[in-house]
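Residues 682 to 941, numbered by the working numbering, are exactly what the sequence shown covers, in order.
These aren't lab readings, by the way, just hints derived from the structure by calculation. Quick reminder that beta carbons are idealized off the backbone N, C-alpha and C, glycines included. Some hints could be false.
Claimed, not checked - Label pairs and their calculated CB-CB ranges:
1) Ser768 x Ser926: 17 to 25 Å
2) Glu856 x Ala913: 21 to 29 Å
3) Gln912 x Gln805: 19 to 27 Å
4) Arg710 x Cys918: 18 to 26 Å
5) Pro876 x Val836: 27 to 35 Å
6) Ala781 x Leu849: 26 to 34 Å
7) Glu856 x Gly814: 14 to 22 Å
8) Gln861 x His840: 35 to 43 Å
9) Leu769 x Gly814: 44 to 52 Å
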Amino acid sequence: MNALALTDDIARHFGRARESYEQAARLQRLVAAKAFTLLTPTAGLLLDLGSGPGWFHSKLKQHCADLIALDLSFDMLQKTRAAQQASLVFQADAQSLPVASESVDRVFSSLMLQWCEQPELVLQEINRVLKPGGSAVISTLLDGTLQEFKQAWSVVDHHQHINQFLPLDFYQQLEFQHPQLGLQLQTELVQLEYPDVLALARELKDLGANTVTQGRNKALTGKQSWQKVQQAYPSRCIDGQISASYQVLYLTLTKQNSES
C-alpha cells in the first residue's frame with residue numbers, strides 16, 4: 682500500500698469511529714490526562730495535533746488563550762466543530778502542517794504519532810511551527826503494545842493483525858541525532874482489562890484504531906479463529922478477563938531560542 686492510500690485508509694477508519702470514539706476511548710483518556718500534566722500553560726496559541734472529536738478541548742482551553750485543532754479525518758473534525766472550543770479547525774496531514782513557521786506557542790498531540798509513516802518529519806514540522814522557546818507534548822505507542830493479542834494470533838495464523846509500532850530505540854536515536862529538537866522521553870506501561878478478545882477487538886474498531894499498516898490480512902476472520910485466539914491468549918486476570926498491555930511514550934519538545 683502506497684503512502685497516500687495508507688493515509689486515506691487511516692482517515693476512513695477514524696472517520697467511521699467518530700460516533701463510537703468517545704465511549705471507547707479508555708486508553709486515550711488516561712494518556713491524554715497524563716500528557717496534559719506535562720503541558721506548560723501559555724497566554725498564546727495552542728495547536729492540538731490529531732484532535733479527534735475534540736473531546737479534550739475544554740481542558741486544553743484552560744491552558745491557552747486560543748486553540749487550533751488539526752486532524753486527518755474530515756468526519757472527526759465535524760465533531761470537533763460541534764464542540765465549539767477551537768477557534769480554527771483544519772483537515773491536514775501532520776507531516777505537512779498548513780501552519781506558518783514560528784506561529785504557535787504550544788503543541789499538544791496525544792496518540793496520533795503512531796499512525797504517521799514518518800514520525801521524524803512530524804516532529805520537525807512541530808519544531809518549525811513553534812515559536813522560539815515554545816514547547817510541545819506528544820504521546821505515542823511503542824513496540825510491545827498489544828503484545829498479548831499479537832502472541833495469541835501467532836498461534837492461529839501468520840498474518841499481521843495489529844499495527845507495527847516503533848521501538849523506543851528509534852526515539853532515543855532521534856533524541857541523540859537531533860539535539861535541536863530538545864526532546865525528552867518518558868515511558869509508561871498501561872494495562873487494561875477486557876471480558877474477552879472480541880471485546881478488545883471491538884474497542885479497537887470503535888476507536889478507529891484497527892488499521893494495520895503492513896502485512897495485513899484481507900480475509901474475513903471467522904468465529905473459529907476468534908475462539909482459538911481466546912484460548913491462546915496469554916494474560917488472564919483472576920476474574921477471567923484478559924489484560925492488554927500498551928507501551929506509551931511521552932515526548933516533550935522545546936524549540937530553542939534564536940540566540941541558542
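Outcome of the hint check:
The beta-carbon spacing between Ser768 and Ser926, approximately 38 Å, falls outside the hinted interval of 17 to 25 Å. The hinted window of 21 to 29 Å between Glu856 and Ala913 is violated, with their beta carbons roughly 37 Å apart. Separation of Gln912 from Gln805 is about 45 Å and departs from the stated range, judged on CB atoms against 19 to 27 Å. Separated by about 21 Å at the C-beta atoms, Arg710 and Cys918 satisfy the suggested range of 18 to 26 Å.
Judged by the Cβ atoms, the range 27 to 35 Å given for Pro876 and Val836 is violated: they are separated by roughly 20 Å. At about 33 Å, the CB distance of Ala781 to Leu849 agrees with the hint of 26 to 34 Å. About 19 Å separates the C-beta atoms of Glu856 and Gly814, a value consistent with the hinted range of 14 to 22 Å. Judged by the Cβ atoms, the range 35 to 43 Å given for Gln861 and His840 holds: they are separated by roughly 41 Å.
A beta carbon spacing of about 23 Å between Leu769 and Gly814 contradicts the range 44 to 52 Å that was offered as a hint.
Of the numbered hints given earlier, the model fails hints 1, 2, 3, 5, 9; all others are met.
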